[in-house]
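Asker: Can you build the whole structure from these sequences, using the hints too?
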Amino acid sequence: MSSLPARGVMQQVAAAIPMECRGEIIVVGSLAAAYHFFGSDPNAVITTKDVDAMLSPNALALRNAKIVAESLFEAGWTLREDAQWGKAGDRSTPEEELPILRLHPAGNTDWYLELAAAPPEGRAESKVIQRLSTNQGDFGLYSFRFLALAEEDPLRSEFGISYARPEMMALANLLHHPQIGPEVVRGSTDKRSNKDLGRALALAWLSTERDRDALETWHPRWRTALERRFPKEWRDLALRAGKGLRALLDDKHKLDLDQATRLCNLSLLRGRGLGAEALRATGRRLLVEALAPLESAARTMPGA
Amino acid sequence: MIEDTSPPTRHGYRPDFRFGNTLVEVKADLHSFRNFRAALLQLAYYLSDDTDDRGLLVLVNPRITEAALRNEWRLIERALHPAMVRRLTLAVRRQSGIIPIAGNLKPALSKRLLLDNVDRDARVQPNRAPHSSDAILLVLLNQWFLRKGPMTNQWLMRAVGCSYPTVAKALRRLQDVIQRFPDRRFQLWGFPTDEWNRIVANRERAHPTLHYADRSGQPRNAESLLRRASKSGRNDIAIGGVIAARHYHPDLDLRGTPRLDLTLHSPDGHADLSFIEGLDPALERVTDKEERATLAIHVLRRQTSLFVAAPKGLPWADPVATLLGLYDARLEAQAKEFLDHLVMSVG
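Residue numbers (numbering that gives the first Met the number 0), protein chains in the order written: chain W, 0 to 303; chain L, 0 to 346.
If you are wondering where the hints come from, they were derived from the structure by calculation, not from laboratory data.
No experiment lies behind these values; they were computed from the predicted model shown.
Hints are supplied without guarantee of correctness; some may be wrong.
[Stated by the list, open to error] Heads up, simulated SDA-like pairs for lysine to any residue below, C-alpha to C-alpha not over 20 Å straight-line:
| # | chain 1 | residue 1 | chain 2 | residue 2 |
| --- | --- | --- | --- | --- |
| 1 | W | LYS251 | L | ASP48 |
| 2 | L | LYS230 | W | LEU265 |
| 3 | W | LYS242 | L | PRO249 |
| 4 | W | LYS242 | L | ASP48 |
| 5 | L | LYS335 | L | PRO249 |
| 6 | W | LYS251 | L | LYS105 |
| 7 | W | LYS251 | L | LEU104 |
| 8 | W | LYS253 | L | THR21 |
| 9 | L | LYS105 | W | ASP250 |
| 10 | W | LYS253 | L | LYS335 |
| 11 | W | LYS251 | L | ASP51 |
| 12 | W | LYS242 | L | ASN20 |
Answerer: Okay, structure coming up:
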C-alpha cells in the first residue's frame, strides 16, 4: 500500500476524467473519505493503492465507462499488472472471467483507478458484472447493490467531481455485511467483513471527531436514501443494517474487532493509535444514535 | 472487564445490557412473585419485537427460594407461547454463584459474563440506604444554608424517610448545634464542623457516586452531556457539581467544567440509569478513582429530593449535594470556597 496525498489524487483523477463524464462519476471508498476528512490539509495522506470511482447513473454507466477508459488509455494510463487479471478479455471471454478495469496513471504505479458502475435498479444480486467493450479489449464493470447509496446526494469536490457522503458509505458497508463472514480480502488473511465494518466505524469516528453529535444527523438521511433506493424493502434493510456491527461488537468476535481496529489504524485512522475499546465505544454510539432511530422508524407502520 | 452493549428502549423499557444475542435483565433483592412476573413479562414483550435475541432474567439474592421459582416457572410455561419460553432463561445469583433455574444458560455466559456484569449491575443499584443520621444531617444543613427556618420532627421524618426514634437519636447527637423553639420546632444554629468532616471523609456512604468515563477517545463536554440530560424527560435527576455550584455561587473560582455531575433521586433504592446511554453511549462505568470521569451520578436515597426548581430544564441539586459533588471531583479548594460562601450567606 502507498501513502497518497488525498487532495492531490482527487485532483489528478478529476483532471483525467473527460469533461463530458465529470458530472457522472462518484469517487467512493478510502479516497472519498480521506478527501472529505483531510482534504483541506495539503499534507494529509491516505494509505491505499486503489482509488474507486463509480459511474452513475447505471443507464449511462457503460457508455461513460467506455469514454473514460479510452480517454485514460489515450493519456498513457496503463492496466495494472496482475497475473490473473492484468490482460483485457475479448468477446469470447465469459463475463465472470473479465478483468476489472484497474488503471495506473501514466508513469506512476503507486496507485490505480478502479472503475465500477452504479447498480441497476431493481436487481437483488449483491454484485452484478456488465461487459465493457473498449478499443483495448473487454473488461468487467461491476456493481455492488448497496453502492446505490453512494449515489444519494453526493458531495462535490473542489475539482468538479463528486464523492460519496461518509454516512452513505458507512451504511453501504453495514448493509453489505449482516454477519462476520469468512470471505477474506484478496491477497491477505483479513476478513472482508472486518475491513468493511471497521471502515464504517472509522467513518463514524472521524465524523464525531469534527462534531460529537454528527451521528444523530445520519439516520434521517439513511432513511430517505433507503426509501428512495429500495422502496419495497427499506424497512427490512433498516432492521438488518445493524446486525453485522452488533456481531462485530459481540465479545465472541473480539479477535474480529481487533482485526478491524488494526485495519483502520493502517488506513483512515492511521496515526491515531486507537484501540479496539475506542472503536467499540464508537460502535455503541453508532448503534444508539444512528441505527436505533432508523430501526425504530422501520418498525413504525405506515399511518401509525 | 467483560464488554457489553446497551440495548435500545422499547415499550418504555430496556433490559440492563446485551451480551451477544442475549438480553440480560438484573433484579436485586426481589421479594415478591408479582415483581418477578412483571420483570419476566417485560423481558418477553421486549423479545417479541425481535426473532433472534434470547432473554436472561437474573435475580440477585432474591427472597424467593429456588424451589418456589421452579414451581412458578411451570406456570409460566403453561401461560406463555412455547416459542417465547424457549428463548427465556432464569437464573439466580447468590454468594455461592450462579444457579440456573430454567432455560438454557450456557456455561461460558454464566462464568464469564454473569460473575462480572451481574455483580456490577447489582452494585449499580445502591441497595443499602446511607445511614439515616448522615441523611438527617444533610437535610438539616441544607435547610440551614437555604434559610428555610425551623422544622418539625414530622417534616424531617418525611424528608429523610425514617422513624421518630431515628430522628430523635440524631438530634441528640447534634444537640450542641441544634436550636430548639418553644413550639418544638428546631434548626441548626451553627455549622457542625466535626460532623461535617466525618461526612466528607465517609462521603461514599452518605452520598454514593457512580463515575463514567468516555471510551471513544472523543469525550463529550459537560455542556453537551447536560443538553442531552435536559432532554431525557426524567424528573428524578438534577444538576449538581460545578455547574450547580456556579448557580449558587457565581463567583466560584474555577475555569471550565471538568465533568457533569447529576444527582439521581432514588428513594426506593432502584437507580434507573437508563438515561446515561442517551447522554453518550460511549460512556462506561469506571471504578478506578484515578481514571478521569466525564460524568458523575450521585445517588440520593432520602425520600424527598429537595431539588430546587429551575426556570427551564433540569432542577438544581440542593447545595449540600452540590458541595459533596465538588469534594468527589477532588476540587477541594473550590469546595472550601463554596462551603465558606454557604456558611457566610447564612449570616
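Asker: Check each numbered hint against the structure and report the violated ones by number, ascending.
Answerer: 1, 2, 3 and 10
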